[in-house]
Amino acid sequence: MNPRALCAWSFAALTVALATSNPIYRALVLLCALDVLVVFRRRGTHIRGLLLAVAIAGVVALAITVLFSHTGTHVLLRVPDAIPALGGPITVEAFVFGATTALGIAAAIIAGAALSIVVEPHELIDALPGVLARSGAALGTALNLIPGVGRSAVEIRDAQRMRGWRPARVRDWPDIAVPVVLTAIESSMTLAESMEARGYGSTARTHFSVSTWRPADTIVTVSALAAAGIFVALRVIGVVGDWYPFPTVTVPPVNVLAACCCFALAAPLFAWRR
Amino acid sequence: MPALDCVDIEVDGGIVALTGASGSGKSTALRVFNGLVPHFYGGTVRGRASVLGMDVLSHPTRELARSVGFLFQDPELQAVYATVDRDVAFGLENLGVPRDAMVERVHDALERAGIGALAGRAVNTLSGGERQRLALAGVLALEPRLLVLDEPLSQLDADGAVSLMQTVSDVAARDTTVVIAEHRLEHVLPRADRVLFIDRGRIGATAPPPPHLEPFPVRRTAVATVGAGHWSLRDVTAGIGQAVVADVNLDGGGDVVVLMGPNGGGKTTLLRTLAGLISPLSGSVERPPGRVAYLPQNPTSLLHRPTVRSEIEWTLQHSPGGANANVDAALHAFGLQHVAELYPRDLSTGERQRAALGAVLVGGPALALLDEPTRGMDAPARHILVNAIHQLRAAGGSVVMATHDHELATAVGDRIVQVKDGVVRVVPAVERVPA
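Line by line, the protein sequences are chains G and P. Following numbering that gives the first Met the number 0, the numbering of the first sequence begins with 0 at its first residue and continues without gaps. Following numbering that gives the first Met the number 0, the numbering of the second sequence begins with 0 at its first residue and continues without gaps.
Hints listed in this document are in silico derivations from the structure and should not be mistaken for laboratory results. Note that the structure is predicted; figures quoted are calculated from it, not measured. The reader is advised that the hints may include incorrect statements.
To be verified - One-sided and incomplete, this derived list gives chain P residues near chain G with beta-carbon spacing under 10 Å: (1) ALA64; (2) TYR80; (3) ALA81; (4) GLY90; (5) VAL105; (6) ASP107; (7) ASN123; (8) LEU125; (9) ARG271; (10) GLY275; (11) LEU276; (12) VAL291; (13) GLN417.
We put the beta carbon where it would ideally sit given N, CA and C, even for glycine.
The task is simple: from the sequences and hints, build the whole structure.
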């Protein structure tokens, strides 16, 4: 698959997920995005951490809404008014609204995360348009340094611990942070020097990698962008609107065309082969 | 004080070796060849410098890069992209070479660097030696007329160093001039057409015999006292998550145990287990009472104090009973008295290594654990390390170290232990063959 097509898909999925608060559409986007992520993730990547992060973000959003909104007709229980901010009724409606928010957050995160889980960060950088190529090289280099900084942080912590360092107060942490930062700066300087020695910064620049664009990439890009375009248009003319469970929960309305737009985000599953 | 003082160097063909102590100005001299001094580092330059008719002072490094290739010390810090062929192409992209020509030149450069088979590989899966060859390929792709190498062997094991130097010789044989600074002279001197010696910023008339070629002092005395510095590993299986070493039984006390064997075999895991940095998955670890010192693979990265003296004091303050130790004696023992009040990260590579050694080994630890201690070390630092190990042992301390360095192992080792594929085997004395 072409990283630019994936970018287009990711952008479209984000647009649809954020264009409405209707939980049906959000759930459909989440479902498609999750499918794409699971099917096309790079070998060796783990999505458990990501899913955990999404779950935590969802639960936090849910808890905040449930505990602080205090609106809605069906009261589950009542927190004493003496407690500031928390005091008040806890309602079914707040719960549903919290769940809707969580769905939106999850759909948006998964749609965005596909970029880093499905293609290498370097493939994305290569996909940058020509004018940004030089910044892309710098960005790519920075990405190369990140694992090294992580490793050196662990090494330095171990080394200082063996010199007797025991973190008791905040004041002790510079003994780790300072050498980690200094080492990272020195590494960057060395790398910058070696880039300079290989002619980085010259005016005329050519490109080694040519990314291939297949018909499947056209299908994915066109369908995703069309889906997002139509969905936004439906939203503008009022066919698709926001949905709130207040004052009482109702069944969210579903427009067939809008739902089809959400399903179109599953196009990668049929167009791209793994 | 200038780093270089009225230096006259004229280079025209062959392999020129630049020698001299750490901090003598070798690195500065090398960087004049492609204009990193003064264009990257700034500073003032007097005199003239030209390469292939181009004035170095008026041409930026990126232009000189067409004619002058530069290979740096650290294999880890020269790759820009994540895959091998892509990274080799980086310089060609910068110089605006058309794509069709680029593909061919990348292929040729990889072949010349001896890593043609690695073209599609991810850079982070390469060994140190392979990464250094990748950096060389990236430079060769530019088809330089002059190739400058700054300590290119220091991070490599013996095999990696031999084959890299072979490649460099082949490059020199094909009409490319090579200038190389390297403290592992045994690899360089046999191949050099000319040797230049730099001493405190000046070109010396005649080079003194390099100290590295003198053998290390071997001082073998009977193991001091049984029980002092005693440590043991009993049925230890260790690793992070999964076992890297299994069922290890090993002990020592007052002696020097050398762990040898291929990378990834479990040497570092054993050292870290013994240090207490990781808990064994099963089995038991016994450490002597008193301080356990640990020298990690990149020791200079731990330096963080404003002066070398305070770096040593910091370790002593944090170790039990260390406050009374004599800091000046320690500075002297590690050859640091003249840089005691300087900022450690401003020192030359060799001086930084000695500062890190001092910071780790000061205060007479009961057990010292050293991971590849001579990697990247210059000759004086190696000698100071050997002396420090002899002294530790004489004081009843124990040493366990992982190394590829046969010379060091022979000079200080009481026992050599082979660690390979997670299995530990004590090597009988008859099997010990000097490198």
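Now the hints, each set against the structure:
Interface hint status for ALA64 (chain P): upheld, as the beta-carbon distance to the closest one in chain G is roughly 4 Å, under 10 Å. Because the smallest distance between the Cβ of TYR80 (chain P) and any Cβ of chain G comes to about 6 Å, under 10 Å, the interface hint for this residue holds. Because the beta carbon of ALA81 (chain P) sits about 5 Å from the nearest beta carbon in chain G, less than 10 Å, this interface hint is met. Interface hint status for GLY90 (chain P): upheld, as the beta-carbon distance to the closest one in chain G is roughly 4 Å, under 10 Å.
Interface hint at VAL105 (chain P): satisfied, since its Cβ lies 7 Å from the closest Cβ of chain G, which is below the 10 Å cut-off. Because the closest C-beta pair between ASP107 (chain P) and chain G is about 14 Å apart, greater than 10 Å, the hint is violated. With 10 Å as the threshold, the beta carbon of ASN123 (chain P) comes within range of chain G, its nearest partner Cβ sitting at about 7 Å, so the hint holds. A least Cβ separation of about 13 Å between LEU125 (chain P) and chain G goes past the 10 Å threshold, and the interface hint is therefore violated.
Interface hint at ARG271 (chain P): satisfied, since its Cβ lies 7 Å from the closest Cβ of chain G, which is below the 10 Å cut-off. A hinted interface residue such as GLY275 (chain P) counts as satisfied when its beta carbon comes closer than 10 Å to some beta carbon of chain G; here the least separation is about 8 Å, so the hint holds. With 10 Å as the threshold, the beta carbon of LEU276 (chain P) comes within range of chain G, its nearest partner Cβ sitting at about 5 Å, so the hint holds. Among the interface hints, the one on VAL291 (chain P) holds; its C-beta lies about 7 Å from the nearest C-beta in chain G, closer than the 10 Å criterion.
At a threshold of 10 Å, the smallest CB-CB gap from GLN417 (chain P) to chain G is about 25 Å, leaving the interface hint violated.
Of the numbered hints given earlier, the model fails hints 6, 8, 13; all others are met.
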